[in-house]
Amino acid sequence: MKNKRSLFAVPYVIWMALFVVVPILIMVAYAFTAIDPVTNASQITAENFTRMGVYLSVFLRSFWLALLATLVCFLIGYPVSYWMAKEGPRFQRVAMALIMLPMWMNFLLRTYSWMSILENNGLLNQLFRAVGLLDLLAVDHIQMIGTSGAVVLGMVYNYLPFMILPIYSVIVKLDGSLLEAARDLGADSARVFLKVIFPLSLPGILSGVTMVFVPSVSTFAISNLLGGGNQLMLGDLIELQFLGGAYNPHLGAAISMVMMVIVVVCMVVMNHFGEGEEQAVML
Amino acid sequence: MRKQNRVGSRLFIGLVFLFLYLPIFLLIVFSFNAGDSSAVWKGFSLDWYVSLFQNRLIMESLYTTLLVSLLATAIATVAGTFAAIGLYSLSRRKRDALLVVNDIPMMNADIVTGVSLCLFFVAFFQGWGAFATWFNGIQGLVELPTRLTLGFTTMLLAHIAFDIPYVILNVAPKLRQMDKNLVDAAQDLGCTWMQAFWKVILPEIKPGIVSGALIAFTMSIDDFVISYFTAGSSTSTLAMRIYSMTKKRITPEVNAVSTLLFLSVLILLVANNVREIRQERRAVHQEVHEPSRLERLSLRFSQPSWQWARRAVAGAMACVFIVVVMLLTGATSSQPVVNVCSWGEYIDEDLITQFEDATGIRVNYQTAESNEALYSLLKSGGADYDVIVPSDYMISQLIEEGMLEELDYSRIPNYSLIDERFKDLPFDPENRYTVPYTWGTLGLIYNANMVEEEPDSWSALYDSRNAGNVLLINNSRDALAAALIHLGHSVNTTDEAEIRQAYELIADANRRGVFQGKVMDQVFQKMEGGNAAIAAYYAGDFLSMLDNQAEDVDLRFVIPEEGSNWFVDAMCVLKDAPHYDEAMQWIDFIASTEANLANMDYIWYASPNREALEQYPAYYQELYGEELDPELYEIMAVPADVLERCEMYTVLPPATRALYNSLWIELGV
Chain A
1 MKNKRSLFAV
11 PYVIWMALFV
21 VVPILIMVAY
31 AFTAIDPVTN
41 ASQITAENFT
51 RMGVYLSVFL
61 RSFWLALLAT
71 LVCFLIGYPV
81 SYWMAKEGPR
91 FQRVAMALIM
101 LPMWMNFLLR
111 TYSWMSILEN
121 NGLLNQLFRA
131 VGLLDLLAVD
141 HIQMIGTSGA
151 VVLGMVYNYL
161 PFMILPIYSV
171 IVKLDGSLLE
181 AARDLGADSA
191 RVFLKVIFPL
201 SLPGILSGVT
211 MVFVPSVSTF
221 AISNLLGGGN
231 QLMLGDLIEL
241 QFLGGAYNPH
251 LGAAISMVMM
261 VIVVVCMVVM
271 NHFGEGEEQA
281 VML
Chain B
1001 MRKQNRVGSR
1011 LFIGLVFLFL
1021 YLPIFLLIVF
1031 SFNAGDSSAV
1041 WKGFSLDWYV
1051 SLFQNRLIME
1061 SLYTTLLVSL
1071 LATAIATVAG
1081 TFAAIGLYSL
1091 SRRKRDALLV
1101 VNDIPMMNAD
1111 IVTGVSLCLF
1121 FVAFFQGWGA
1131 FATWFNGIQG
1141 LVELPTRLTL
1151 GFTTMLLAHI
1161 AFDIPYVILN
1171 VAPKLRQMDK
1181 NLVDAAQDLG
1191 CTWMQAFWKV
1201 ILPEIKPGIV
1211 SGALIAFTMS
1221 IDDFVISYFT
1231 AGSSTSTLAM
1241 RIYSMTKKRI
1251 TPEVNAVSTL
1261 LFLSVLILLV
1271 ANNVREIRQE
1281 RRAVHQEVHE
1291 PSRLERLSLR
1301 FSQPSWQWAR
1311 RAVAGAMACV
1321 FIVVVMLLTG
1331 ATSSQPVVNV
1341 CSWGEYIDED
1351 LITQFEDATG
1361 IRVNYQTAES
1371 NEALYSLLKS
1381 GGADYDVIVP
1391 SDYMISQLIE
1401 EGMLEELDYS
1411 RIPNYSLIDE
1421 RFKDLPFDPE
1431 NRYTVPYTWG
1441 TLGLIYNANM
1451 VEEEPDSWSA
1461 LYDSRNAGNV
1471 LLINNSRDAL
1481 AAALIHLGHS
1491 VNTTDEAEIR
1501 QAYELIADAN
1511 RRGVFQGKVM
1521 DQVFQKMEGG
1531 NAAIAAYYAG
1541 DFLSMLDNQA
1551 EDVDLRFVIP
1561 EEGSNWFVDA
1571 MCVLKDAPHY
1581 DEAMQWIDFI
1591 ASTEANLANM
1601 DYIWYASPNR
1611 EALEQYPAYY
1621 QELYGEELDP
1631 ELYEIMAVPA
1641 DVLERCEMYT
1651 VLPPATRALY
1661 NSLWIELGV
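Here the protein sequences line up with chains A and B, keeping their order. By our numbering, the letter at position 278 of the first sequence is numbered 278, and the numbering carries on one by one without gaps. By our numbering, the letter at position 606 of the second sequence is numbered 1606, and the numbering carries on one by one without gaps.
Hints are computed from structural coordinates only; laboratory data are not their basis. Among the clues, some could well be false.
[Claimed, not checked] With a Cα cut of at most 27 Å, we get these calculated DSS-like pairs of lysine-lysine:
#, chain 1, residue 1, chain 2, residue 2
1, B, K1199, B, K1174
2, A, K195, A, K173
3, A, K173, B, K1575
4, B, K1094, B, K1180
5, B, K1206, A, K173
6, B, K1206, B, K1180
7, B, K1180, A, K173
8, B, K1575, B, K1379
9, B, K1199, B, K1180
[Stated by the list, open to error] Chain A is faced by these chain B residues, among others (derived, beta-carbon under 10 Å):
#, residue
10, R1006
11, L1020
12, T1064
13, L1067
14, L1071
15, V1122
16, F1262
17, L1377
18, A1507
19, G1517
20, N1531
[Unchecked claim] Examples of chain B residues lying across from chain A (beta carbon under 10 Å, computed):
#, residue
21, D1601
22, I1603
23, G1668
Positions of the beta carbon are idealized from the N, C-alpha and C atoms, including for glycine.
Chain A with its partners taken away, still in its complex shape:
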């Protein structure tokens, strides 16, 4: 009987091989080949990787901005999750719904809504003008769109729910008796938080960090719309090679591959570190 049920896994294994494994292998194959401009024949080469040094600053900028966005998300998201979990069930439910709600509009709509706010002649600059701030600083406008700050803002705005949801769901499930035990053993509330709540919420933090960092580091729509093309990021670089102005899918595949490897390494290291913490708490 067991065998019959395991047959259900077969189509899925085939599907995954076809739509997950094979595409990545093809991408790797593209990354290690290039078209010779003269003979028009493809050849195996590592030149896509050796040429990548030029883009070091793009790599650094992407990782730096994504890190910044992740940090801001954490600094806002953790207190929100923590305080939300302390509220009554109805408050929690409404708050959760409100956090999820914007996700059902497409993220591009959410990014677009910021464009008209941050423009040089946009709503925020109009507001500054109305309250006399611009006259005070003796400038015509405050430059917001097209700066790295706008890109980070866009990331935080779009991905904040991805930080709140996992942290909240871990904190809300914390065993209340553990906290009582800690208090009974003489810990003050700061110590309870630092020694019990925070370590126990690490798994939520880790998955929140992953869920914010990965889309941030690879975004191209946000940097395109809010960065005004000035803040070229890894995603833009990849898009340029495939659907943008500089057609070279081999280089694009190579950049994607490097990004994938770096992200996976980061995740593995972080999860390893996270597991260690968890075990320490258990002990």
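Go by the hints and put chain B onto chain A.
Using the frame of chain A, we list chain B on its own:
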């Protein structure tokens, strides 16, 4: 003490919600704006909602979005549930190994998933093409299509591929929690395996399935990147449509559609919350006794008819859904179609409707951002266009690479109306591939209220006095051309030193912070709204900006004294175009004098049609009851002496193109 704490925390949560919702609130407010600005309030109106429902491009993309999300969710939920059940009957080690693979699409960045799937589909299509040609060759019974392209199906497959892991992730824990003996017990009691599945497993894991489906739907509807890489050219989701609109001008119709989406989700959520709260109240009042697993199991067995009725209703609804989907897709596929790709806002959209009414051919109208982006799209196998409208130098390149089909001029009688000036041009010396669509010049657009002195040289683009207010045109060819002309070189030079000198001029200005950004069609909203002072762009687009400029903006146009570039955009048909006959009809229709007049009036680019060009001032006077400003007409239809100062692009050799590409990316780095 505690109370105070709560006030503080609630204030913080409230501020975060304000941050999350204020932009959405503004989006909604400006959907009711009488003007078309998303920053200046001009009074209340519902006009944008009316025009939204008439905007076919947005409505079609909305429909595509909903259809792909619903279909992908339905298929992924069923497939994912069975896969999870299958996985849980495997040995632990095998299961864990498979779950790692399952995690890949969720861990990977969207763009990596999108890129790898895109490459996979293209590789498959190439293999399929070879196979189908061979197969059609050895037998004559079945004719297999040899040319497959990215489209709705590939996008749906991609959505299913990234939805399934989320369903498994949600169903798996429920399977783990389920008491394995329950299934055995049911079967010992005489159930077949199927009955055990319907009556035992499914109810146990139902919460997991529901939340899995919900997350799959959320991911699908929120997705942009993976669709963008796998949908090809002829299918657009709402997000893709908006992305291409942000490159031109976003109309408040987008605000209107956002508002409708937001409100419908809000209503669903509120209804759901109210229902849950009611249920909770009832539960509190009645103090229901929570039945044990076995009791629930027996309950389920005792109410077979009820269960069957519900299942029948669900089945019937699914059938209706499938039939509707099939009808809709069938209805669109049986009608003759022509796939057209042009630039943003480069046609009077009424012409599309007129053509459709006259011929019964549906026009699938898409836009690309630039010649280079169009080339990438064609090369990556994503495009199944019939008619494209590239510029001169790109046409040469496409002809060189054998990507264009010769036209059947006997079926394009209106070709005779094209002025002789626009025939026998270097890009198509024998007039075999092209019918000119528009022509024009590149020049400087500036806001007279934002510059210290009125520019008459390209040097204004690199002048520190305009720092932060210059828009650099976001394609290597035009940007470098302006610099080359300023330095006194030919726009078609292949001398690397000259090109590098021109690049250095731009790069130096970039380092000095002269450029506000690199834009293509975003130039419209930037210049019209007074957000930037100066930009190099096309004459026709300057004229459309005039209609939309804000009150404190005074836009002007000049062809710099060093000279400039002049260009011809022409209609061509791609090699092996699936709708060649329809394409001929479309080209002939667009080449007619009436269509050219309507287009000239709408897009303000000069027409190559002799009659239309001559008649336009009279046409304008008749239409608007006032005389066309001769200065504007000269900007549109540049007089011969000015045109003499301008040089046309020719195709560059591959090595020079590669240099352009790498320099251009270096600039962004």
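Taking the hints in turn, this is what the structure says about them:
Distance check on the hinted pair: B/K1199 and B/K1174 sit about 15 Å apart at the alpha-carbon level, within 27 Å; holds. Pair hint A/K195 plus A/K173 holds up; C-alpha atoms about 17 Å apart against a cutoff of 27 Å. A hinted pair counts as satisfied when its Cα atoms are at most 27 Å apart, and A/K173 with B/K1575 does not qualify at roughly 61 Å. Of the pairs offered as hints, the one joining B/K1094 and B/K1180 holds, with about 19 Å between alpha carbons and a cut-off of 27 Å not exceeded.
Simply put, B/K1206 and A/K173 have alpha-carbon atoms about 21 Å apart, close enough for the 27 Å limit, and the pair holds. For the suggested pair B/K1206 and B/K1180, the alpha carbons sit about 16 Å apart, so the restraint of at most 27 Å is met. At most 27 Å may separate the alpha-carbon atoms for a hinted pair to count; B/K1180 and A/K173 meet this at roughly 25 Å. For the hint linking B/K1575 to B/K1379, the alpha-carbon distance of about 12 Å falls within 27 Å, and the restraint holds.
For the proposed pair B/K1199 and B/K1180, the alpha carbon gap of about 14 Å is at most 27 Å, so the pair holds. Given the 10 Å rule on beta carbons, the hint for B/R1006 holds: about 8 Å separates it from the nearest Cβ of chain A. Evaluation of the B/L1020 hint against chain A yields a held restraint, the C-beta minimum of about 6 Å falling below 10 Å. Here the hint on B/T1064 is broken, as its CB sits about 12 Å from the closest CB of chain A, past 10 Å.
Annotation: interface hint on B/L1067 violated; nearest CB of chain A at approximately 15 Å, more than 10 Å. For the restraint placing B/L1071 at the interface with chain A, the shortest Cβ-Cβ distance is roughly 16 Å, beyond the 10 Å limit, so the hint is violated. This hint holds: B/V1122 has a C-beta 9 Å from the nearest C-beta of chain A, less than the 10 Å allowed. Given the 10 Å rule on beta carbons, the hint for B/F1262 holds: about 6 Å separates it from the nearest Cβ of chain A.
Given the 10 Å rule on beta carbons, the hint for B/L1377 holds: about 6 Å separates it from the nearest Cβ of chain A. The restraint placing B/A1507 at the interface with chain A is violated, with a minimum CB-CB distance near 13 Å, outside the 10 Å limit. Proximity of B/G1517 to chain A holds as hinted, the smallest CB-CB distance being about 3 Å (cut-off 10 Å). Hint status for B/N1531: holds, given a least beta-carbon distance of 4 Å to chain A, under 10 Å.
Among the interface hints, the one on B/D1601 is violated; its C-beta lies about 28 Å from the nearest C-beta in chain A, farther than the 10 Å criterion. A distance limit of 10 Å between C-beta atoms decides the matter here; for B/I1603 the minimum to chain A is near 23 Å, and the interface restraint is violated. With its C-beta approaching chain A no nearer than about 4 Å, B/G1668 sits inside the 10 Å limit, and its interface hint holds.
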